[in-house]
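Knowing the structure of chain A, use the given hints to seat chain B with the ligands on it.
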Amino acid sequence: MSYTAETLQLLAPDGTLRYSDETDRFRDRVDALDETTLREFYRHMAVTRRFDIEAGNLQRQGQLALWIPSIGQEAAQVGSGFAARAHDHIFPAYREHAVGRLRGLDLTRIIAMLRGLTHGGWNPADTGNFHLYTLVIGSQALHATGYAMGVRFDGLVGTGDPERDTAVLVYFGDGATSQGDVNEAYVFAQSYQTPQVFFLQNNHWAISVPVSVQSRTPLFRRPAGFGIPSVQIDGNDVLVSYAATAESLDAARSGEGPRFIEALTYRMGAHTTSDDPTKYRTNDEVAYWQERDPISRYETFLTARGVDAAFFEEVRQEGEDLAADARRQTLAMEPPPADSMFRHVYSDEHPLMAEQAEWLARYEASFEEQA
Amino acid sequence: MTETMTMAKALNAGLAAAMDADDRVLLMGEDIGRLGGVFRVTEGLQQRFGEGRVLDTPLAESGIVGSAIGLAMRGYRPVVEIQFDGFIFPAFDQITTQLAKLTARHEGGLQLPVVIRVPYGGHIGAVEHHQESPEAYFAHTAGLRLVSPATPHDAYWMIQQAIASSDPVLFFEPKSRYWPKGEVDLDDAGIGMHASRVVRTGTDVTVVGHGAMVSMLLDAAALADEEGTSIEVVDLRSLSPIDYGPLLESVRRTGRLVVAQEAPGNVSIGSEIAATVSERAFYSLEAPVVRVSGFDTPFPPAKLEGAYLPDVDRILDAVDRSLAY
Ligand SMILES: Cc1ncc(C[n+]2csc(CCOP(=O)(O)OP(=O)(O)O)c2C)c(N)n1
Ligand SMILES: [Mg+2]
Numbered sequence: 001m002s003y004t005a006e007t008l009q010l011l012a013p014d015g016t017l018r019y020s021d022e023t024d025r026f027r028d029r030v031d032a033l034d035e036t037t038l039r040e041f042y043r044h045m046a047v048t049r050r051f052d053i054e055a056g057n058l059q060r061q062g063q064l065a066l067w068i069p070s071i072g073q074e075a076a077q078v079g080s081g082f083a084a085r086a087h088d089h090i091f092p093a094y095r096e097h098a099v100g101r102l103r104g105l106d107l108t109r110i111i112a113m114l115r116g117l118t119h120g121g122w123n124p125a126d127t128g129n130f131h132l133y134t135l136v137i138g139s140q141a142l143h144a145t146g147y148a149m150g151v152r153f154d155g156l157v158g159t160g161d162p163e164r165d166t167a168v169l170v171y172f173g174d175g176a177t178s179q180g181d182v183n184e185a186y187v188f189a190q191s192y193q194t195p196q197v198f199f200l201q202n203n204h205w206a207i208s209v210p211v212s213v214q215s216r217t218p219l220f221r222r223p224a225g226f227g228i229p230s231v232q233i234d235g236n237d238v239l240v241s242y243a244a245t246a247e248s249l250d251a252a253r254s255g256e257g258p259r260f261i262e263a264l265t266y267r268m269g270a271h272t273t274s275d276d277p278t279k280y281r282t283n284d285e286v287a288y289w290q291e292r293d294p295i296s297r298y299e300t301f302l303t304a305r306g307v308d309a310a311f312f313e314e315v316r317q318e319g320e321d322l323a324a325d326a327r328r329q330t331l332a333m334e335p336p337p338a339d340s341m342f343r344h345v346y347s348d349e350h351p352l353m354a355e356q357a358e359w360l361a362r363y364e365a366s367f368e369e370q371a
Numbered sequence: 001m002t003e004t005m006t007m008a009k010a011l012n013a014g015l016a017a018a019m020d021a022d023d024r025v026l027l028m029g030e031d032i033g034r035l036g037g038v039f040r041v042t043e044g045l046q047q048r049f050g051e052g053r054v055l056d057t058p059l060a061e062s063g064i065v066g067s068a069i070g071l072a073m074r075g076y077r078p079v080v081e082i083q084f085d086g087f088i089f090p091a092f093d094q095i096t097t098q099l100a101k102l103t104a105r106h107e108g109g110l111q112l113p114v115v116i117r118v119p120y121g122g123h124i125g126a127v128e129h130h131q132e133s134p135e136a137y138f139a140h141t142a143g144l145r146l147v148s149p150a151t152p153h154d155a156y157w158m159i160q161q162a163i164a165s166s167d168p169v170l171f172f173e174p175k176s177r178y179w180p181k182g183e184v185d186l187d188d189a190g191i192g193m194h195a196s197r198v199v200r201t202g203t204d205v206t207v208v209g210h211g212a213m214v215s216m217l218l219d220a221a222a223l224a225d226e227e228g229t230s231i232e233v234v235d236l237r238s239l240s241p242i243d244y245g246p247l248l249e250s251v252r253r254t255g256r257l258v259v260a261q262e263a264p265g266n267v268s269i270g271s272e273i274a275a276t277v278s279e280r281a282f283y284s285l286e287a288p289v290v291r292v293s294g295f296d297t298p299f300p301p302a303k304l305e306g307a308y309l310p311d312v313d314r315i316l317d318a319v320d321r322s323l324a325y
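Chains as they are written, first to last, in full-length UniProt numbering: chain A, 1 to 371; chain B, 1 to 325.
Hints were generated in silico from the structure; no laboratory data involved.
Each residue gets a CB set at the ideal place from its N, CA and C atoms; glycine is no exception.
Check the hints yourself; a few may be wrong.
[Unchecked claim] Chain A side only, calculated, beta carbon under 10 Å to chain B, not exhaustive:
1. Leu114
2. His119
3. Val209
Chain A with its partners taken away, still in its complex shape (with noise of 0.2 Å):
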């Protein structure tokens, strides 16, 4: 599967921006970005593409239990994750490495999930509630929905008023539409006209099972059925990944109900790094979304606009800095202290907490005395 006629997309891979009938929609918003928005978004698919590499290299230099790439899908990320306002709320799955540095997470706490250090990493309220990852795929497509539920029963929708109006962005996979709670969201998201947009990226595997394995039609006609205005994009082109995105959530936060975009991109790299790919899609496959790259595609559009080496040079050495800093982080942090699983478990003292906390304690001591 790959892009049709109906596939929105305002930058061709060959990095010309162009619109049509379908598209010029967009045009009053692409002409809105300023120059330096416009530098933001190379600048974060760049340095988070570098620090991606850095993480999986970590990974195989055995200082992380497993990383997850994002590499390929940046432009998707990036340019949906631009056309969120600061209080709007973001639920990731666990691939949205861009959208989470762009609401200000450091990429750094995604490594202390995946070197085993966190079940959770960060506090979204100081994270531009950009949520915790979920690892059970589709669950947080209800999460996102009932979020979104208490958001309109407040009253923060089609007030008029940008700074309060508020909507929810959700993110997930082309294999996460199967599950019934991806569908169920789809559901109480039509019924209690959410605000809300979901936000597939079909990157067209699920690890090992391509995308016609869960869909023999575009997944974004499913949603429609639904009663789910939904839109299909290009999603290695950031333009109009965020164009898009800033319609649907400008619907949403006006009191339209829900939206559902559905972003082609492809997952360059191995599923997480104990995958294989090599075991189930081709070199030729890999080698069509390599032309149509969201970087490289986005960079031939800057420079033909302008912008000079100088700043490229910047950003490289940018995703430089950040990638040693990560990895120095890395390397320095240490396993939280045994006790702590006992900790938050609940919120209030529990007896059975507090028994074996103090058990392992009298435990581990007991090693001390004999030494």
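Then chain B with the ligands, alone, in the frame of chain A:
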């Protein structure tokens, strides 16, 4: 004929044997076909038996188990793979409200020979939801059979016995034991899947466990032996029903019992064994039954699994506590 192989290979061979023997046996799951499963347990089976018998399903556990129920109604014998322990829960409803009950609701007029394979347990340093031991939830549900092999030999035979069972079977595969090799007797199963077994004889204390815990118990017994304590090890093998015969017979000789498991202790298989042995062997017991288990917390981040999971030291500590009475 015996062959040395890993548990993963033994399961693969057992599945292939069952598929050869009965063409109504189907495999279903996520990534089990082309990839051969994330643990490669089904490696090569799709090439060998075709896409019609080894199904890479859509990503939906409730869908997988629910449709396996329908296939079983139609006379197939589906063997379902759940990719990791923590991902069985989207199917919990289909397993507990449907799979477990439909035979009784049909008053015997329907059999549901569905096997659900669940790689489970810790010791692999993985991320959240990938190291859990959820067996108690299912043992608590009437209508399900639960087994867990500890060796390649048992894996090879028990998977075939599970597939042959007329009832639904939850087949818990100790994933930390997938790769060590062991001898498999390809001609003789030895015993049925619901029998427990003494795997090391001893005189002072009986210890019992299942799955990956069995090799841990054997290591503990070997260490204790050096210090003059003789431990008898029982491999439970079947979690529902539990075969109490060999266990009670052992406890009547040793007078002491330690129950070990990776799962949290609260309301668990270990609790059930402790209660039952106390009831049935009260006059033989020299000490209360001692439980060793994971703590009653969520399975912690990988760096803390060493503190969470019972190890040889914690087992020997429990043995000492039992002997102190
Ligand atoms: C409920 C559940 N079942 C199975 C898994 C194992 N698993 C992890 S990722 C994955 C594939 C997900 O594919 P997709 O939704 O397309 O997201 P992507 O990884 O491609 O970003 C699977 C099957 C899981 N994490 N959760
Ligand atoms: Mg995918």
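- Message: Of the numbered hints stated earlier in the document, which are not met by this structure?
- Response: none
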